[in-house]
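Enquirer: Chain by chain, the residues:
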Amino acid sequence: MNPIGAEPYIVLSMVLFLMGALGVLMRRNAILLFMSVELMLNSANLALVAFAREWGQVNGHVFVFFVMTVAAAEVAIGLALIVNIFRERQSINIDELRQMQG
Amino acid sequence: MEWLFLIVSFVAVLAAGMMLTRQNAVHSALFLIVNFGCVAFLYLMLDAPFLAMVQVTVYTGAIMVLFLFVIMLLGAEATTDTSGRMRWLGFAGTAVAIILLLIFAFPLASNMLSDERAEPPATSARLRVINAIPGGDNEPFTIEDMGQTVTMAGIVTGTVMLDSADDASADWRIDDVAYDYTRDAIANYAELPAGEYTAIAGVELAGFATSPMLSESLTLTTDSAHSAVFYENAEGVVAVALLEDDVRAPAVGKMRLSVFNAVTDRQVALVDVGQYTARRSLCEDDSCNSLIPHRVLIAHLPSGQQTSLELEEGSYNLAFVDQDQAILRTLADYEAERGVIETRVLVREPGVPGSQGSYRAAVFTAFAVPAFGSPESVGQVLFIDYVLPVMLVGMLLLVALIGVIVLARPDALAQAERRRINRRRRVNRPLVSVIAQQTGADVLSGEYMAKLPGGGDDKAAE
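These protein sequence lines are chains A and B, in that order. Just so you know, we're using the working numbering here: the first sequence kicks off at 1 and counts up by one. Just so you know, we're using the working numbering here: the second sequence kicks off at 1 and counts up by one.
Same shape as in the complex, but just chain A (with noise of 0.2 Å):
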């Protein structure tokens, strides 16, 4: 059995969401959005998998598993738009989008 518990785990996973959520707000890139993005979902998953072990059940993979299938989609459709995006103003600066008008 793993000698570390639970903790680190989920100091280690606070750790990596605070740096996505810092990346959503530092960064304007689009592509360094969802990549920050994608950072803060896999530290939750991180996290559900270290309770997991800690209570002994499999629900929590099933979620990461969830989690993941979302993650993917959701990546699909934003770099969809983003291409869309680019194409349309050459540029995928989230601070000059500031219209909804294409």
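These are computed hints drawn from the structure, not numbers from a lab. Among these hints, one or two may not hold up.
Said to hold, decoys possible - To give an idea of the chain A side of the interface with chain B (calculated C-beta under 7 Å), a few residues:
id, residue
1, I4
2, L22
3, G23
4, I31
5, V58
6, V67
7, T69
8, I77
9, L79
10, A80
11, I85
12, F86
13, Q90
Unchecked claim - Derived DEER-like restraints, expressed as beta-carbon distance ranges:
id, chain 1, residue 1, chain 2, residue 2, range
14, B, N188, A, V70, 34 to 42 Å
15, B, Q148, A, W55, 47 to 55 Å
16, B, A78, A, Q57, 26 to 34 Å
Using N, Cα and C, we set each Cβ at its ideal position, and we do this for glycine too.
Chain B: place on chain A using the hints.
Expert: Same frame as chain A, now just chain B:
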């Protein structure tokens, strides 16, 4: 183990930091891949090998390749971050993040360092009572109560009281009423917290409890399973046997068959009779006493003992025979399915002793407990408990796929292009000047031409 965790988590945080600060988007994506790889390694350390592999294939494989592909397709490597105007947000965000981290992580870290960590709640151990006393309304059986032998008749309950050694308040009672084993009764496992117990076993008949027949200490551990089997022993007196069931997954492609002999005064052997025709000729005439050549699977199982064997997947014709080579019970066309754990308790049914139908191999199935976090265990939960969400997520992926196709269809580009072209081609010359250009003669005289918008330029050009 600690140093491994520290190194991997350090690399993960470092990679995340590098991802946030790189100016080149490709470098950021590569550092994010490193971070995801570290997280996959942490999943391995957290007994989640299946998720670790999914993480590598889906995240670092599919999603990040998609990111890199889009970055390189757009040629957007240089991230044009706006500077100055929102710079304070970054500093404020960092400060808030550090404060949050201190607030939440500090209690966790202090808890981590102190010795009095909460014990992780153990997964439960399992115990079941199998009542194989030849029961029935009018079937007498004999028990020993207070040193005396008492013969009673009726439906009897086998009872196990578990007295927790650590905690006075935690007592458990598990019982099983034996009746009608012809319908393959299933005694379910009771889930109990792991720990040290004193097991006290006895039988009850219509509310009348006998004195304990067995009192022994029992250590229940997680992922272990026990059975308390009540049966008639060789002296014809009700006895109880406390057995540890082997619930580990059987070898690949095999099933595990455990046999408990609850038949009074008989040694039992389990034999593989062989082909169907052979078994037919064996038992359709009444001379079941002589056996054709066969394969002995279990030899000499005394009364009150349990043994187990692993069978290859397939179909068998099995027979229980006693020491006089008399067939007690046949299991025709017995299907051995892979991964199954089955307990067969050979009991004597009420009725005329000696005839073939008076013995019964009651089935008590047990499912193998797959290792925590293995693909097997995740798949079992995923496709049994969460079938509907799996379907919905599949639907979501389908919708996302269609959405991406709609967004990326060539029409989207064509519309933007057409708009640009239309803008360029806006007619700013009057029709008459076009006609004049094509026919080579002025339709209108110059003074009218000059009054028309844009007409003067064309005139001048000509």
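Enquirer: Against each hint, give a clear statement of whether it holds in the structure.
Expert: Status of the hints after comparison with the structure:
A distance limit of 7 Å between C-beta atoms decides the matter here; for I4/A the minimum to chain B is near 6 Å, and the interface restraint holds. Below 7 Å, beta-carbon pairs count as interface contacts, and L22/A has one with chain B at about 5 Å; its hint therefore holds. A least Cβ separation of about 5 Å between G23/A and chain B falls short of the 7 Å threshold, and the interface hint therefore holds. Satisfaction of the interface hint for I31/A is found here, the shortest Cβ-Cβ separation to chain B being roughly 6 Å, below the 7 Å cut-off.
Because the beta carbon of V58/A sits about 5 Å from the nearest beta carbon in chain B, less than 7 Å, this interface hint is met. A cut of 7 Å between beta carbons decides the hint on V67/A: the least distance to chain B is about 10 Å, and the hint is violated. Restraint check, T69/A versus chain B: the minimum CB separation of about 5 Å is within 7 Å; hint holds. Interface restraint check for I77/A: the shortest CB-CB distance to chain B comes to about 5 Å, inside 7 Å, so the restraint holds.
Interface restraint check: L79/A against chain B, minimum CB-CB distance 5 Å, threshold 7 Å, status holds. At about 4 Å, the closest approach between the beta carbon of A80/A and any beta carbon in chain B falls short of 7 Å, and the interface hint on this residue holds. Here the hint on I85/A is broken, as its CB sits about 10 Å from the closest CB of chain B, past 7 Å. The closest approach between the C-beta of F86/A and any C-beta of chain B is roughly 5 Å, which is under the 7 Å cut-off, so the hint is satisfied.
The beta carbon of Q90/A is not positioned within 7 Å of any beta carbon in chain B (closest approach about 9 Å), and the interface hint is therefore violated. Taken as a hint, the range 34 to 42 Å holds for the pair N188/B and V70/A, whose Cβ atoms sit roughly 36 Å apart. For the hinted restraint 47 to 55 Å between Q148/B and W55/A, the CB-CB distance of approximately 50 Å keeps it satisfied. Roughly 46 Å separates the CB atoms of A78/B and Q57/A, a value that falls outside the hinted 26 to 34 Å.
Of the numbered hints listed earlier, those contradicted by the structure are 6, 11, 13, 16.
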